[in-house]
Amino acid sequence: MTRYALRRLAQSVAVLLGVSVLVFAIMQLVPGDPIRAALGQQADPDTYQALRERAGLDDPVPQQFVTWIGNAAIGDFGVSFRTGETVLSLIAERVPATLALAGGAIVVALLIAIPLGTLSALNPRKPVDWFASLSSQAGLSVPDFWLGIMLILVFAGTLGWLPSSGYVALTEDPVEWARHLILPAITAGVSSGAILTRFVRSSVLESLGQDHVRTARAKGMRARDVLTWHVLRNALVPLVTVAGVQLAYLLSGVVVVEYVFAWPGLGQLAFQAVESRDYPVLQGAVLLFAVIFLLVNLVVDLAYARLDPRITYRSAR
Amino acid sequence: MRAAETIKLLFRGPTAIVAAIVLAGLVLTAFLGEQLAPHSATETDVSNRLQSPSADHWFGTDELGRDVLSRVILGAEVSLRVGAVAVGISLVAGVLIGLFAGYYGRWVDDVLMRLSDVLFAFPAMLMAIAVLAILGPGSANAMIAIGIVYTPIFARITRASVLSVREEVYVRAARSAGAGDLRIIGRHVLPNVTAPIIVQTSISLAFAILSEAALSFVGLGTQPPDPSWGRMLAEGRGFVEQAWWMAVFPGLAIFVTVLAFNVLGDALRDVLDPRQRQAMAGTGVSA
Numbered sequence: 016m017t018r019y020a021l022r023r024l025a026q027s028v029a030v031l032l033g034v035s036v037l038v039f040a041i042m043q044l045v046p047g048d049p050i051r052a053a054l055g056q057q058a059d060p061d062t063y064q065a066l067r068e069r070a071g072l073d074d075p076v077p078q079q080f081v082t083w084i085g086n087a088a089i090g091d092f093g094v095s096f097r098t099g100e101t102v103l104s105l106i107a108e109r110v111p112a113t114l115a116l117a118g119g120a121i122v123v124a125l126l127i128a129i130p131l132g133t134l135s136a137l138n139p140r141k142p143v144d145w146f147a148s149l150s151s152q153a154g155l156s157v158p159d160f161w162l163g164i165m166l167i168l169v170f171a172g173t174l175g176w177l178p179s180s181g182y183v184a185l186t187e188d189p190v191e192w193a194r195h196l197i198l199p200a201i202t203a204g205v206s207s208g209a210i211l212t213r214f215v216r217s218s219v220l221e222s223l224g225q226d227h228v229r230t231a232r233a234k235g236m237r238a239r240d241v242l243t244w245h246v247l248r249n250a251l252v253p254l255v256t257v258a259g260v261q262l263a264y265l266l267s268g269v270v271v272v273e274y275v276f277a278w279p280g281l282g283q284l285a286f287q288a289v290e291s292r293d294y295p296v297l298q299g300a301v302l303l304f305a306v307i308f309l310l311v312n313l314v315v316d317l318a319y320a321r322l323d324p325r326i327t328y329r330s331a332r
Numbered sequence: 009m010r011a012a013e014t015i016k017l018l019f020r021g022p023t024a025i026v027a028a029i030v031l032a033g034l035v036l037t038a039f040l041g042e043q044l045a046p047h048s049a050t051e052t053d054v055s056n057r058l059q060s061p062s063a064d065h066w067f068g069t070d071e072l073g074r075d076v077l078s079r080v081i082l083g084a085e086v087s088l089r090v091g092a093v094a095v096g097i098s099l100v101a102g103v104l105i106g107l108f109a110g111y112y113g114r115w116v117d118d119v120l121m122r123l124s125d126v127l128f129a130f131p132a133m134l135m136a137i138a139v140l141a142i143l144g145p146g147s148a149n150a151m152i153a154i155g156i157v158y159t160p161i162f163a164r165i166t167r168a169s170v171l172s173v174r175e176e177v178y179v180r181a182a183r184s185a186g187a188g189d190l191r192i193i194g195r196h197v198l199p200n201v202t203a204p205i206i207v208q209t210s211i212s213l214a215f216a217i218l219s220e221a222a223l224s225f226v227g228l229g230t231q232p233p234d235p236s237w238g239r240m241l242a243e244g245r246g247f248v249e250q251a252w253w254m255a256v257f258p259g260l261a262i263f264v265t266v267l268a269f270n271v272l273g274d275a276l277r278d279v280l281d282p283r284q285r286q287a288m289a290g291t292g293v294s295a
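Just so you know, the sequences run in chain order A and B.
Whatever position you read off the first sequence (first residue = 1), add 15 for the numbering used here.
Whatever position you read off the second sequence (first residue = 1), add 8 for the numbering used here.
Hints were generated in silico from the structure; no laboratory data involved.
Note that this is a predicted model, so its numbers are computed, not measured.
Among the hints, a few may not be true.
From chain B, some residues computed to sit far from chain A (all C-beta separations above 12 Å) [said to hold, decoys possible]:
| # | residue |
| --- | --- |
| 1 | Glu51 |
| 2 | Val126 |
| 3 | Gly144 |
| 4 | Ala148 |
| 5 | Arg180 |
| 6 | Gly227 |
| 7 | Leu228 |
Not everything, but these chain B residues come out facing chain A in the computed CB check (under 10 Å) [stated by the list, open to error]:
| # | residue |
| --- | --- |
| 8 | Pro145 |
| 9 | Gly146 |
| 10 | Leu280 |
By construction, the Cβ of each residue, glycine as well, lies at the ideal position given by its N, Cα and C atoms.
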């Protein structure tokens with residue numbers, strides 16, 4: 016297990032190095048002068064020169080990379096070309112909103128997947144199974160930005176129950192925070208819910224065929240207790256890891272949902288950075304997303320290896 | 009498996025038949041768009057703006073008085089073209105990478121697969137946005153961006169299949185008969201790894217169309233005045249309370265198209281690659 020963990024860690028570090036080369040390259044690959052592109056031709060020469068020096072663009076490229084990665088390792092991603100604020104502080108401001116949205120979305124996904132997947136596994140080839148299969152196919156295919164607009168149309172426009180967009184900090188007003196979170200969380204959670212429904216279905220089906228379930232039934236245990244204590248307990252353990260992977264997708268995949276709901280998270284920060292050609296901010300956001308993604312995958316793989324020793328044996332061969 | 013047998017198995021259920029009919033209709037619409045559209049897609053008529061659906065304008069009109077139905081019809085061509093070219097890019101690049109990595113193994117495999125791991129570490133949408141931040145917005149650049157994003161998945165799937173085919177008797181026989189590597193890869197390996205690639209192509213088309221719509225929705229993909237479904241949705245979003253039809257119909261078009269490709273992809277997987285379906289069910293991976 017330790018050898019596997021170390022190997023997996025080494026792999027992640029190597030990938031992270033490759034990721035940082037690519038993220039660094041964003042600024043180099045922009046045609047022309049990136050600071051000129053961001054500030055426009057009429058920029059104040061002093062601001063221009065200050066930003067150029069701060070970004071180290073006059074140094075040789077390898078030196079720029081070493082400086083950049085050294086700074087990034089201690090959380091210094093430079094300053095925004097637009098506002099002059101540090102990229103780290105801009106990112107830190109946006110983290111709570113993105114965490115709330117991804118967390119809300121995974122709750123929605125599990126609320127859809129566990130009941131629907133279980134019901135569908137308990138009634139194979141019956142109408143509820145067809146319904147689950149159809150709705151998970153639909154959930155995977157529906158464009159989240161369209162679903163968001165439709166939810167706004169119905170729940171904010173026609174019914175007027177919920178706000179159509181915006182964000183309120185949890186510390187400011189918990190009730191309004193929750194009200195603002197509902198529509199974006201549903202929008203972002205549906206596709207993960209669809210994936211998890213399929214997973215729960217196959218996991219419960221597999222669990223139903225196990226010997227200990229048959230034994231429990233043969234002992235005369237009530238059907239409900241068999242389901243709770245023998246089937247779901249075993250079927251839902253692996254769900255933790257799959258839900259973890261989905262959470263990593265959600266943290267980085269809610270970019271467009273944030274755009275639809277004017278949700279001030281990291282995704283929106285990345286968009287604004289693209290629009291205003293604020294490359295240091297874009298680099299910081301992209302690197303952060305990639306690191307989150309790598310970390311969650313690493314943790315999930317290690318957790319899986321711990322739950323299922325066969326994985327370590329297989330990879331050690 | 010013979011082609012006729014595959015097709016027979018593929019269409020034994022009604023869902024795959026419906027999906028195939030929908031897709032055939034879409035392709036036809038894409039080719040005959042100009043002839044099918046009842047009005048011009050770009051001609052504005054301000055006196056007729058924001059008209060609700062009627063006999064003259066089945067899907068209503070937008071904020072500039074343009075016919076929404078005609079724009080949805082002409083948008084089919086844009087969506088399918090961008091999706092097809094993007095998947096074409098990732099198919100060619102990914103399959104080549106996977107073939108060489110799987111066939112040669114050792115350092116070739118290590119280098120190519122670590123590179124694909126690096127690309128894989130970026131969330132798809134963000135990667136596409138970063139590429140477009142460098143290349144600039146537009147449908148041609150969106151194709152390249154989406155193509156890059158989906159390359160690693162094709163590389164991985166191809167490599168995994170090549171690894172199992174590489175040691176087959178017929179490959180060893182060809183090698184001992186003196187066939188060169190390129191000949192073995194082209195004549196013996198590639199034809200035996202196509203099943204999972206075909207399945208992935210159908211599923212990737214669904215996601216590529218979805219990505220193009222998302223990029224156009226945020227203003228980085230297809231640019232006005234070209235009618236793109238994502239772009240139309242973005243325009244409709246601002247008028248959703250006065251003119252629901254502006255957002256509902258383009259969104260439905262994306263939904264139906266993506267659903268059809270996904271359903272067909274699932275049916276193909278059942279027929280061509282049942283093992284992959286089991287593996288996918290275990291990981292929750294969909295794309």
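| Restraint satisfaction for Pro145 of chain B [CB to CB of chain A, less than 10 Å] | Holds. Min distance 9 Å.
| said: For the restraint on Leu280 of chain B, tell me whether the closest CB of chain A is nearer than 10 Å. | reply: violated (18 Å)
| field | Whether Arg180 of chain B stays farther than 12 Å from all C-beta atoms of chain A, as the label says | value | holds (22 Å)
| field | Beyond 12 Å from each Cβ of chain A, as asserted for Val126 of chain B | value | It is violated; Val126 of chain B is separated from chain A by about 4 Å at its closest Cβ, not greater than 12 Å.
| task | Hey, is Leu228 of chain B genuinely clear of chain A, shortest beta carbon separation above 12 Å? | result | violated (7 Å)
| Given as non-interface: Ala148 of chain B, which should sit over 12 Å from chain A by C-beta | holds (15 Å)
| field | Given as non-interface: Gly227 of chain B, partner chain A, CB spacing beyond 12 Å | value | Incorrect as stated: the minimum Cβ-Cβ distance to chain A is 8 Å, not above 12 Å.
| message | Is the claim that Gly144 of chain B lies outside the interface with chain A correct, judged by CB distances over 12 Å? | response | violated (8 Å)
| Against chain A, does Glu51 of chain B keep a CB gap of more than 12 Å to every residue? | holds (26 Å)
| task | Would you settle whether the hint for Gly146 of chain B is holds or violated, based on the nearest Cβ-Cβ distance to chain A being less than 10 Å? | result | violated (14 Å)
Of the numbered hints listed earlier, those contradicted by the structure are 2, 3, 6, 7, 9 and 10.
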